[in-house]
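Here the protein sequences line up with chains A and B, keeping their order. Be aware that the first sequence starts at 1, since it is given in this note's numbering, and climbs by one per residue. Be aware that the second sequence starts at 1, since it is given in this note's numbering, and climbs by one per residue.
Watch out, some of these pointers could steer you wrong.
What the hints assert, rightly or not - Below, simulated DSSO-like cross-link-like pairs (lysine-lysine); rule was C-alpha separation at most 30 Å, straight line:
1. K89/A with K298/A
2. K130/A with K196/B
3. K196/A with K130/B
4. K225/A with K187/A
5. K187/A with K225/B
6. K196/B with K60/A
7. K196/A with K276/B
8. K196/A with K181/B
9. K181/A with K225/A
10. K302/B with K45/B
11. K225/B with K130/A
12. K162/B with K167/A
13. K45/A with K86/A
14. K225/B with K162/A
To be verified - Far from chain B, some chain A residues (derived; all Cβ distances over 12 Å):
15. K6
16. D159
17. D216
18. R310
The hints are simulated quantities; they were obtained by calculation from the structure and are not laboratory data. Ideal Cβ positions, reconstructed from N, Cα and C, are used throughout, including at glycine.
Number of protein chains: 2
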Amino acid sequence: MKKEIKIFSPATVANVSCGFDVLGFALDTIGDEMVVRKAPQKGIKITKIIGQDLPLEISKNVAGVAALTMLKETNLDFGFEIEINKQIKPGSGIGSSAASSAGAVWAINKLIGSPFNNLDLVRFAMEGEKLASGTAHADNVAPALFGGFTLIRSYNPLDIIKIPTPKNLMATVIHPQIEIKTSDARKLLRETVTLKNATKQWANVGGLISGLYANDYNLIGRSLKDYIAEPERSKLIPGFDNVKQACLNAGALGCGISGSGPSIFALCNGEKTAIKVSDAMENIYSKIGIAFDIHVSKINNKGIKILENR
Amino acid sequence: MKKEIKIFSPATVANVSCGFDVLGFALDTIGDEMVVRKAPQKGIKITKIIGQDLPLEISKNVAGVAALTMLKETNLDFGFEIEINKQIKPGSGIGSSAASSAGAVWAINKLIGSPFNNLDLVRFAMEGEKLASGTAHADNVAPALFGGFTLIRSYNPLDIIKIPTPKNLMATVIHPQIEIKTSDARKLLRETVTLKNATKQWANVGGLISGLYANDYNLIGRSLKDYIAEPERSKLIPGFDNVKQACLNAGALGCGISGSGPSIFALCNGEKTAIKVSDAMENIYSKIGIAFDIHVSKINNKGIKILENR
Chain A
1 MKKEIKIFSP
11 ATVANVSCGF
21 DVLGFALDTI
31 GDEMVVRKAP
41 QKGIKITKII
51 GQDLPLEISK
61 NVAGVAALTM
71 LKETNLDFGF
81 EIEINKQIKP
91 GSGIGSSAAS
101 SAGAVWAINK
111 LIGSPFNNLD
121 LVRFAMEGEK
131 LASGTAHADN
141 VAPALFGGFT
151 LIRSYNPLDI
161 IKIPTPKNLM
171 ATVIHPQIEI
181 KTSDARKLLR
191 ETVTLKNATK
201 QWANVGGLIS
211 GLYANDYNLI
221 GRSLKDYIAE
231 PERSKLIPGF
241 DNVKQACLNA
251 GALGCGISGS
261 GPSIFALCNG
271 EKTAIKVSDA
281 MENIYSKIGI
291 AFDIHVSKIN
301 NKGIKILENR
Chain B
1 MKKEIKIFSP
11 ATVANVSCGF
21 DVLGFALDTI
31 GDEMVVRKAP
41 QKGIKITKII
51 GQDLPLEISK
61 NVAGVAALTM
71 LKETNLDFGF
81 EIEINKQIKP
91 GSGIGSSAAS
101 SAGAVWAINK
111 LIGSPFNNLD
121 LVRFAMEGEK
131 LASGTAHADN
141 VAPALFGGFT
151 LIRSYNPLDI
161 IKIPTPKNLM
171 ATVIHPQIEI
181 KTSDARKLLR
191 ETVTLKNATK
201 QWANVGGLIS
211 GLYANDYNLI
221 GRSLKDYIAE
231 PERSKLIPGF
241 DNVKQACLNA
251 GALGCGISGS
261 GPSIFALCNG
271 EKTAIKVSDA
281 MENIYSKIGI
291 AFDIHVSKIN
301 NKGIKILENR
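Just chain A, with the same shape it has in the complex (with noise of 0.2 Å):
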């Protein structure tokens, strides 16, 4: 068995639009590095973050909380040391806390011969996720462990469903470097919707799954619509209702916001329209004056990958 092993764990972009609480979607080029390795000593350590100044304290840490939570599944006399290389901004709404979290469980699982599955790993990294923002939720750590598009349909049993991903479907996610945080996005949405919008929502998230495994590109982009949260989280991000429409002006299927954003996030069928509307995003960023990341990227299909074995 391997004593270490050093992995990739990507962002995700939760919601996709009409899908909100309960789909999620992997990147490709752009995630966490992890190296987890076997330690004499029992439980969990974190020994190294490097990219961002995070707490090493597990107990305040999402990837070793995770880590932990599993750990009391197990029988282990011996331990593991995680060195995070964290390239996801917290807060940046593309799954940072999910990528370390899901990353730790993972990595644990192989270094011990994945006596867990895929629903177990998510049931521990989801309480990372209670450590990052209070609730539990799997819309981001589901599809970093499973990859490609995922639908959370329950989670009392919990039960996640990997949607098939149209080959050509890319992914371009523009990280607008204001913070809002997951807790004031939520306050945002009200505890009642009227029926007639959770109709159309509804309707749209049986198109968007329907266009995912026809292979159905404008059906994908006739579904991307989101009568519940954009309305509302959209006023928190500068600059959102002119992004959406230079997206779709470049030829992207949908734009929407990715998890509570800020980040926006366009699909678009190939890479040279994905490209495009990466140009056009930047563009309407560069000219409000506000710094972002931009990553254009395959829907990663494999989801939390090994980069090395040692």
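Once you have looked at the hints, place chain B on chain A.
Coordinates of chain B only, in the frame set by chain A:
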């Protein structure tokens, strides 16, 4: 070109638990039979209705209204006579008005060389639905016209997706002979729903659509949950909870209210189970002492079909 056509226009199950107002499927063993023939006089004439006591006057008959709406977009120098053998009882909750509305426009379209596509025909047939229930809904006329399972992704513009049907999927439908008006069933629904329930609902729509594409019968069953209409409307159907439990015990994948009731549908994997479920349903209503009709049917993947060309 044919002078006269005899068709079968199927009964349909709308809503399908999670898919309130957007999903529906067509049955094979119950439907209206209609004869539509060219006539020298312009316009529409309903010459005969057997099976039910319904108005011959075209402005008061759903088939008449749908057909007239269609004729407005043509420029024909002849008209049509319609005979209806009404097999589906009005108010049964299995798309009685939809079958006649859709059947009329489908048959006329065939007789004039099919200038209209299915989406046009849905649009015309919806006018019949408007006469019947006050709202121009498409969740019964769409599966009657397209066959199989249909999703109304959007009304404006009208966008209907045909979802593939796993080949062993069967429906058992019981019509307990009590009266529930669609308008009364609508009044039971609140104008707002909790975001929590709405989210569960669209998670299940996603699950059901996935199950249908992936031939995953178990997933179809897990997704047949309704947090919106069933908790309210089931109160209007005596014995509903018992029937549902008995269906599940007999092996049904899931069970719910057909349309706005009073019919109850169950989906099953294979005919053997569908018949067991039928026995279980019968048993309950025999004990309660309510008369009923019961139908065991494949999902009708074709929709309306020609019985005779003359």
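Discussion item. Check whether the Cα positions of K196/A and K276/B lie no farther apart than 30 Å.
Written reply: Roughly 37 Å separates the two Cα atoms, so the pair is violated.
Discussion item. Can you confirm whether the C-alpha distance between K196/A and K130/B stays at or below 30 Å?
Written reply: It holds: about 18 Å lies between the C-alpha atoms, which stays within 30 Å.
Fill in: Status of K6/A, Cβ more than 12 Å from any chain B Cβ
holds (34 Å)
Discussion item. Check the hint pairing K45/A with K86/A against an upper bound of 30 Å on the C-alpha distance.
Written reply: Measuring from Cα to Cα gives roughly 16 Å; hence the hint holds.
Discussion item. Please verify whether K196/B and K60/A have alpha carbons no more than 30 Å apart.
Written reply: Roughly 29 Å between the alpha carbons, so the hint for K196/B and K60/A holds.
Practice prompt. Over 12 Å to the closest beta carbon of chain B is the bar; see if D216/A clears it.
Written response: Given that some Cβ of chain B is not farther than 12 Å from that of D216/A, nearest at about 8 Å, it is violated.
Practice prompt. Compare the distance between the alpha carbons of K225/B and K162/A with 30 Å, and conclude whether the hinted pair is satisfied.
Written response: holds (20 Å)
Worksheet item: Is the nearest Cβ of chain B still more than 12 Å from the Cβ of D159/A?
Response: The claim breaks: D159/A does not keep its Cβ more than 12 Å from every Cβ of chain B (closest is about 6 Å).
Worksheet entry | Outside-interface status for R310/A - nearest CB in chain B farther than 12 Å | Holds, since 38 Å exceeds 12 Å.
Worksheet item: Is the straight-line distance between the alpha-carbon of K187/A and that of K225/B 30 Å or less?
Response: Since the Cα atoms of K187/A and K225/B sit roughly 28 Å apart, the hinted pair holds (cutoff 30 Å).
Fill in: Given hint K225/A paired with K181/A - CA-CA distance at most 30 Å
holds (23 Å)
Worksheet item: Are the Cα atoms of K225/A and K187/A separated by 30 Å or less?
Response: With Cα atoms ~21 Å apart, K225/A and K187/A stay inside 30 Å; holds.
In this structure, the hints that do not hold are numbers 7, 16 and 17, in rising order.
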